[in-house]
Amino acid sequence: MIRKHALAIACCAVAPFCGNALAADTPPQTCLIAGWENPASICETHNRTLASTCFNCHGPNGVSNSAIPGLAGQDKAYIVEAMKAFRKGERESTVMKKYALGYTDAEYEALAALFATMQINLADAKEGQK
Amino acid sequence: MNMPRRDFLKVSAAGLSTGLAGLAMPKVAHATAARAAPKVVVVGAGYGGATCAKYLRVWDPSIEVTLIDPSPHMVSCPMSNWVLAGLREMSDLNKSYAPLARYGVKQVQDSVVGIDAAKRTVRTQGGKTYAYDRLVLAPGVEFMTGSVEGYDAAAKAEKVTHAFKAGPETALLRRQLQAMPDGGVVVIASPPPPGRCVSGPYERACMVAHYFKQHKPRSKIIMLDGHFQIVSKGPMFQKAFNKFYPGMIEHRPSNMVTSIDHRTMTVSSDWDSVKADVINVVPAQRAGKVCEMAGARCDSAKRWCPVDFASYESKGVPNVHVIGDSVLSNMPKSAHVSNNQGKIAAAAIVELLNGRQPDPLPVIGSTSYSATSDHTSGPIAVVMRYDPGEEVYVRQPGGGADEDSDELNFQYNLAWFDNMWADTLG
Chain A
3 MIRKHALAIA
13 CCAVAPFCGN
23 ALAADTPPQT
33 CLIAGWENPA
43 SICETHNRTL
53 ASTCFNCHGP
63 NGVSNSAIPG
73 LAGQDKAYIV
83 EAMKAFRKGE
93 RESTVMKKYA
103 LGYTDAEYEA
113 LAALFATMQI
123 NLADAKEGQK
Chain B
11 MNMPRRDFLK
21 VSAAGLSTGL
31 AGLAMPKVAH
41 ATAARAAPKV
51 VVVGAGYGGA
61 TCAKYLRVWD
71 PSIEVTLIDP
81 SPHMVSCPMS
91 NWVLAGLREM
101 SDLNKSYAPL
111 ARYGVKQVQD
121 SVVGIDAAKR
131 TVRTQGGKTY
141 AYDRLVLAPG
151 VEFMTGSVEG
161 YDAAAKAEKV
171 THAFKAGPET
181 ALLRRQLQAM
191 PDGGVVVIAS
201 PPPPGRCVSG
211 PYERACMVAH
221 YFKQHKPRSK
231 IIMLDGHFQI
241 VSKGPMFQKA
251 FNKFYPGMIE
261 HRPSNMVTSI
271 DHRTMTVSSD
281 WDSVKADVIN
291 VVPAQRAGKV
301 CEMAGARCDS
311 AKRWCPVDFA
321 SYESKGVPNV
331 HVIGDSVLSN
341 MPKSAHVSNN
351 QGKIAAAAIV
361 ELLNGRQPDP
371 LPVIGSTSYS
381 ATSDHTSGPI
391 AVVMRYDPGE
401 EVYVRQPGGG
411 ADEDSDELNF
421 QYNLAWFDNM
431 WADTLG
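Chains as they are written, first to last, in my numbering: chain A, 3 to 132; chain B, 11 to 436.
Hints are computed from structural coordinates only; laboratory data are not their basis. Ideal Cβ placement from N, Cα and C applies to all residues, glycine included. Accuracy of the hints is not assured; some may be wrong.
A partial selection of chain B residues facing chain A, derived with a Cβ cut-off under 7 Å [stated by the list, open to error]:
hint, residue
1, V123
2, N349
3, V373
4, V393
5, Q406
6, G409
7, D414
8, A425
9, N429
Next up, chain B with everything else stripped away, as it sits in the complex (with noise of 0.2 Å):
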């Protein structure tokens, strides 16, 4: 990162008075010399984790970062969508973690095994164990499969995906899609929020018809929605059904899918009961395990973990920091609000390491864009503020989602996509 003006005037200071230091301040230049590296632990390295490590090392090149993560590279939900309608390879979706080596970020090829907040260590599956001052968790959603009678059969014979963490599930989706005939039905669920990208069963069924309209045009999608409506970007989904597939997606509202038969293939809610070809049920879920390893998963429910908004440290465990899909909050839980909560708490931790007061106004900006077909989609965007006294993220007015989407916004979704990868890696 290029340094503002006064940043360069300080280090240019800096340097000229080391010789003089010993002189000046003989104590304070002991103490210095005799002063660690603090150690930073953040795992998981998702839009979250990358970022965060990535501005700890920019913003601070003396904090010693360690990211861990047990996948070799990215694989990037946004997008991920785009594979189903035949727009993008699964290759497309993995981006490489080599960049972050420029910055200095000491990279670990592992799984989080145990947490010991009072130690303060972090303990690997390939038996290593890491020190941190402070702990950084972001590793996105567990999905409680559980909550759906059935499910971990499907999921075991293949017959249920949720596709809602890109990687082999997002394969075999398109594969049964691919596999299925036409004239089919394919089931889409998604659980009520709070939970991962709110608008990603909508883009997702719009995917899926685009490629059913190039492919399989008497197919049909039912939408299986434990919303009472379209909980995201409603009026442009809507629209873009009725215009880009008409007949082609229903949506059934306040439908919650509570159990799955994988034998019959028949997915069912409490007031309905739909017999599909392939069946995509997105469950409801909660904070990753690792949250619960260190204690931060401290909700009522258990289920996400409450954190102090201008720090993202956890409300239940000291120097353990939460961010991106696992946190309590009014955010949405997309990849854009991941990257920035990483940047908010890298600065945050910078700040705290080096004995200064964190900001205590944190400001975020969210953006997220939808596709509805191979050459449109549609932006929603907001900022949003901390309220220190309400001790949420107040939108600011003005914010909210366009209601088309078009060619324009559709290049800027592309653009979105390089600036992301290229800001979140390196």
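For reference, chain A alone in the conformation it holds in the complex (with noise of 0.2 Å):
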């Protein structure tokens, strides 16, 4: 995006007044995807389109209404276990087996990481509801 590559760049410029929680938390420049390089940006989409792939039947953000477990908010540690549980079918599933076996060990971190900050909203979800 010309917008944020513009303060992106001007935030570089201006590096002092952003702190150092910018700084420790600088996002790499380059990432993986299937053993491919790519820039950063793309492992950002690729990582949060395939997250909200998940959100029909888990609920949008992660939240849920109904007997699917939710996401949002869950710890990342217990997500990835509960996949590698789910893949080698020592945890019982209906379609998480299938759905794990699918998917990578760098899926599986990537997207707890994602579902481990979503918050759960609970006006957002009674919204949902209706």
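Two chains, two frames, a set of hints: combine them into the complex.
Have a look at this one:
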């Protein structure tokens, strides 16, 4: 995005004003998808979109209003372990084993990291139910 | 949507630097101010189009998104077979578009009558013209009723339905089943794939049989199947037919319907002829009309829309994206896939409009539930990965259909409806 890039550059130019928080959380310049190196923006959109494909069943933003468990705010390590257990068949499931077999360990990590940042907003959940 | 931490920091930094931008980067700041909001027009507000419109706004609120559909609300095809069983009312299928307003999606209730891909404009029946930078077409399918002799005359006389677009035909089929005497015969016919929701006719047979079992137990369902076997969830449906409805459903494979005579109420294939009280024939389909208007219905048979599977941009027309049932692909034509294609297309459009490269390797999940009775359902689930070398989505090992339907999956089927509607519409 022209605007965002401009601001990112602008931010570097005024780095002293941005504080240490940004420096500590500097995004990587490249990332791997299926073994290929890509600009970081591609991994960002890849992972965000992949996470959104879970919402059909698990509810928008990972907030479920139904018998299917929500994902928002779940502990990252818990989700990764659950996916591994589904894949091995150690945890009982209906469709989750089929999904777990289709995703990679790296995707478990990326998805779990995103779900962990999502907040459970009950007002939104109620709205979605209507 | 709640922002991941990294995005939050970017926005904070942006807010902080705004005041300094004029000093630090005067030329870029000036260019940004002059840039008009990019416009995306989405035609068709089903599971694909509504989802795409919503996520375009979620992921980039600077994009102006206009969603055009003639219907005042969505009518869900998933669950529509349940109406035939008497498990749901028609009103249960109606889902309001109102929540989309929360995302700033501009909604237009109108029909598209023309698309000028060179000028990048869409014209509606109401006489309005909408300009776009990117156009998304999500019209669903158009039924090729002319491919079955006598179909149009029978439809005019209200003697045949396909009821594969939920709405008045669903209600008509329900009324015909209710009016039918006990001991009557229903024909449910389906074309060979590709077509919308290939498991739909078999779920429909179960739902109609459920109704008969309660009210008209001597009645019979004859399935004239254009395919050589049950296309989807075969073992599961076969078991359900035998277990719940013994002797009631007769599945006749390799039997594509070629003609209907509504005066004698006869349905014929190349080697079969059935007299029926209620005729339900799903004809072959092609991509929706608006795809033809845009020049996107451009495969060799002029039937479906070939797209670049990373962005869903038409291979025939630049700046026009196609999602959902109209796409030429090996993916199921289901609500779940349409919804997810809507997200992948939205993500790609956001990247393109911001001068970045879209994800070259999208991954898509597909789940579909079919009810086999008033308390049992069965799923199919598969993960598909785009392979740019082969230009197809490759089904990952481990996916597939369950061999049995059961009560737990019925509960998840209900849960899936709720979360699908919430994810698609707000």
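These are the hints, each one checked on the structure:
The beta carbon of V123(B) comes no nearer than 32 Å to any beta carbon in chain A, farther than 7 Å, and the hint placing it at the interface is violated. Hint status for N349(B) relative to chain A: holds, with the closest Cβ pair at about 5 Å, below 7 Å. Hint on V373(B) holds. Least Cβ distance to chain A is approximately 6 Å, under the 7 Å limit. A hinted interface residue such as V393(B) counts as satisfied when its beta carbon comes closer than 7 Å to some beta carbon of chain A; here the least separation is about 2 Å, so the hint holds.
For Q406(B), the suggested interface contact is upheld, since its CB lies about 4 Å from the closest CB of chain A, less than 7 Å. Below 7 Å, beta-carbon pairs count as interface contacts, and G409(B) has one with chain A at about 5 Å; its hint therefore holds. Taking 7 Å as the C-beta contact cut-off toward chain A, the hint placing D414(B) at the interface is violated, the least distance being around 11 Å. This hint holds: A425(B) has a C-beta 3 Å from the nearest C-beta of chain A, less than the 7 Å allowed.
Look at N429(B): its Cβ gets to within about 5 Å of chain A, closer than 7 Å, so that hint holds up.
The earlier numbered hints that this structure contradicts are 1 and 7.
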